[in-house]
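**Student:** If you use the numbering used here, the sequence shown closes out at 339, no skipped numbers anywhere.
Just so you know, the hints here were simulated from the structure itself, not pulled from any lab data.
Ideal placement from N, C-alpha and C gives every residue a C-beta, glycine not left out.
Warning: the hint list may mix true and false statements.
Listed next, with one range per pair, are the computed distances between beta-carbon atoms [said to hold, decoys possible]: (1) Ala294 with Asn321: 17 to 23 angstroms; (2) Ser264 with Arg296: 30 to 36 angstroms; (3) Ala294 with Gly266: 18 to 24 angstroms.
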Amino acid sequence: MRIAIHAAVLAAAIVATVLPTPAEAGISSAWRTRNTGLDSEGKCTRRAFNAMKAANLDAKASGNQGVYGANRDTVAYAICQNNGGFVTIFCASDRPNSGNYTTQVCDTVSRFMEK
225 MRIAIHAAVL AAAIVATVLP TPAEAGISSA WRTRNTGLDS EGKCTRRAFN AMKAANLDAK
285 ASGNQGVYGA NRDTVAYAIC QNNGGFVTIF CASDRPNSGN YTTQVCDTVS RFMEK
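Working from the sequences, and respecting the hints, build out all of it.
**Tutor:** Written as structure tokens, this is what we have:
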């Protein structure tokens, strides 16, 4: 059941970033799946909060298994899975020419989440 919930949340995040907007110049996105080496969702979400801060994103809880981070350029989601042992990270931006920045944000969050 939890895997289905995670998949639904991730799918909704992906769909939300690809829906066209009137002044859309192109959406850049990146995603990663990482082994955290953690043994609880609480530890995973605490690490995700720190990872979002390291990437200069304002972090907020997104349920008890995820963290949402955003700044004026990019949004990111970290969804903890398998009792916190793995995390899926999704980053997106609709700002023009933001591909490299979006990738850097995802890489920063990913580095902080790895064991």
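**Student:** Of all the hints given earlier, name the ones this structure violates by number, lowest first.
**Tutor:** As far as the earlier hints go, not one is violated by this structure.
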